[in-house]
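*Asks:* Keeping the supplied structure of chain S fixed, place chain R upon it in accordance with the hints.
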Amino acid sequence: MRTFAQLLFSGLALGAIYALIALGFTVIYRASRVINFAQGQLLALGAFTTSWLVSSGKLPFWAAFVIGALGTAAVALVFQSGVLRFALGRPDFTIVMLTLGLATVLNSAIPTAFGDFPRTNGDPWGASAAHIYGVALPWVKIWTIVAALVVLVGFFAFNRYSKYGLAMRGAALDPEAALAVGIPLRRVYATAWVLAGVVACVGGVFLAGYPNTLDPTVSNVAFLAFPAIILGGIDSTTGAVLGGFVIGVVEELTAGYQPQYASWLGHNFYLVAPYVVMIAVLLVRPYGLFGTRPAERL
Amino acid sequence: MSRRQRRALAVTVLVIAAVALPFGVNAYWRATFVFILIAALGALGLDVLTGRTGQISLGHAFFLGAGAYAGGYLGGNLHLNAVVWIPAAGVAAGILGALVGPTALRLRGLYLAIVTIGLVFIGQHIFVNVTAISGGPGGRALPAPSFGPVNFATGYSIGGLTISHDELYYLLALLLLALGMLYVRNLERSHLGRAMAAVRERELAAAVLGVHVARTKVTAFVISSAMAGVAGAMYASYLGFVVPTQWDLLLSIEYVVMIVVGGMASLWGPLLGAVFVIGFPALLQDVSGSLPFLSNGLGGGVISVSDASAVIYGGLLIVFLLIEPRGVVGLVTRLRTLATRRRAAAP
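Protein chains in written order, with the working numbering: chain S, 246 to 543; chain R, 255 to 601.
Hint data in this document are derived by calculation from the structure and do not stem from the laboratory. One thing to keep in mind: the hints can contain errors.
Claimed, not checked - Cβ pair distances, simulated, as ranges:
id, chain 1, residue 1, chain 2, residue 2, range
1, S, Phe401, R, Gly392, 46 to 52 Å
2, S, Pro429, R, Ala461, 37 to 43 Å
3, R, Leu458, S, Ala374, 42 to 48 Å
4, S, Phe401, R, Val338, 41 to 47 Å
None of the values given here were measured: they were computed from a predicted structure. Glycine included, every Cβ here is placed at the ideal spot set by N, Cα and C.
Isolated chain S, as found in the complex (with noise of 0.2 Å):
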């Protein structure tokens, strides 16, 4: 049991860092239905520019955090006003295709700048823990988790109540009929890119915390929250987060149970666990669990 206490949290707290990432990828794809490949690659931007304002810039965390979170908008911002405005109404590919050269140059500017070797994130928390019932709590991911509520909560009353929130749910709709009603399409698309760059900030400098370090290959970890927004459907923000903490939970349970109890699945089989219940569940429902599925016309 109180193994099992253990791993549930693991795995929300890996599942709080998966909601993240995947409510980046779905922002994006709801303003301008194009998947974020260079997501994973904002992520390391910001873990990496908030730890080294830490380690160099002698910034107290907090402050280095929201300049790493100000500076990957910034870099996503740019790359969306330089970048994709001028790819407008081209075909979809061409556009993930952009993404993907982002994601190419950030992949190698990040080492070049940053160092190859790992580092810490610079939080202040360290390997400290609560215990509560000999279940040990590590500061890191209780905050990983309240900080990861704190933004979707933002996020969801951003979406609900502000006027920018209406416009992106306008634009996710229908584009043209949005244009047609005077929604500013272009500052749409560049508050989604900013909200993506934001939100991956925060996935990466918590994604770096105890025990893990960080180190480039951390946008790999974008890969992984593939099957956290397919699970709640590509288009729906409230299934990319429960989509997250499923796909986390699923993830720490199985690296801690699969082992013993199903050892003929192979080595480090928890990294795969989440594709394969991606895929059941698409056989199931091809949109996803909360996605919606396109009315067809001739």
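*Replies:* Frame of chain S; chain R shown alone:
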């Protein structure tokens, strides 16, 4: 000269140039050309599925890997002849394609793309764990093909002429690519090819017109993965040694970049894309010695060669797609239109 004669002349010149190419360059470029041709064959297969049938797949690396291991097992463990194991690699990957294909009947667009990403991860997991075939995480060696007296490992002497290891691979890859392109060219004009185009444009309309959508999609998967299997076996055999981690998502993405940059659903697109994706970084690597700011892994410069080449490559990809979203083929079409118009305006 009539138009027909001119065309025949152009084809002859092209064939001679293609065959003679590896004999005129150094070993570095000879190897690069082999990789380009093999990748072009794989990309040709992906284009059948993604470019021509409209089913976005990021799972190509899985089929390349499957072909490589099928070839390695049949050629290396069972010691079969290359006449058997190279096509058999294609057949094995094709069968896997037939098994995976039906998922495309249920899933559309990006959902399919992401499920095929899952295929890559699950595939890698299987490759690592089936040690009897893949050699586990440590990898396995693959045999060089040999056809009777022509042994690719040692090279082949005929008369006074010696054809080296690399040149033999180049010629075989060229032959396979030519066969593949001929097949795709015929496919394009066949009943199946038109059915594929109809499915790509609008599935429901295709079904209404009497196209068997399910069969068309699965066939596209089979053709695509069979070509990937042959390309994977050739690639692995040329490398001589493969590890499971190399059949990763980045490899799949590289192939998607090839068909997009080259120009989707075009005959020459995959080859042109392969030239860009593989030839361009190789070129940067080659000239890096004479460029400033670069370090050769020993420090001294601002940025390492491989990082600089990746940054330039990524930047170029962005710029290129902004200027010409239809890829190199689109660029060529545009230049040709310009030339025709110029000629028409001249007299």
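*Asks:* Next, verify each hint and record whether it holds.
*Replies:* These are the hints, each one checked on the structure:
| no. | hint | verdict |
| --- | --- | --- |
| 1 | S:Phe401 / R:Gly392: 46 to 52 Å | holds (48 Å) |
| 2 | S:Pro429 / R:Ala461: 37 to 43 Å | holds (40 Å) |
| 3 | R:Leu458 / S:Ala374: 42 to 48 Å | violated (56 Å) |
| 4 | S:Phe401 / R:Val338: 41 to 47 Å | violated (60 Å) |
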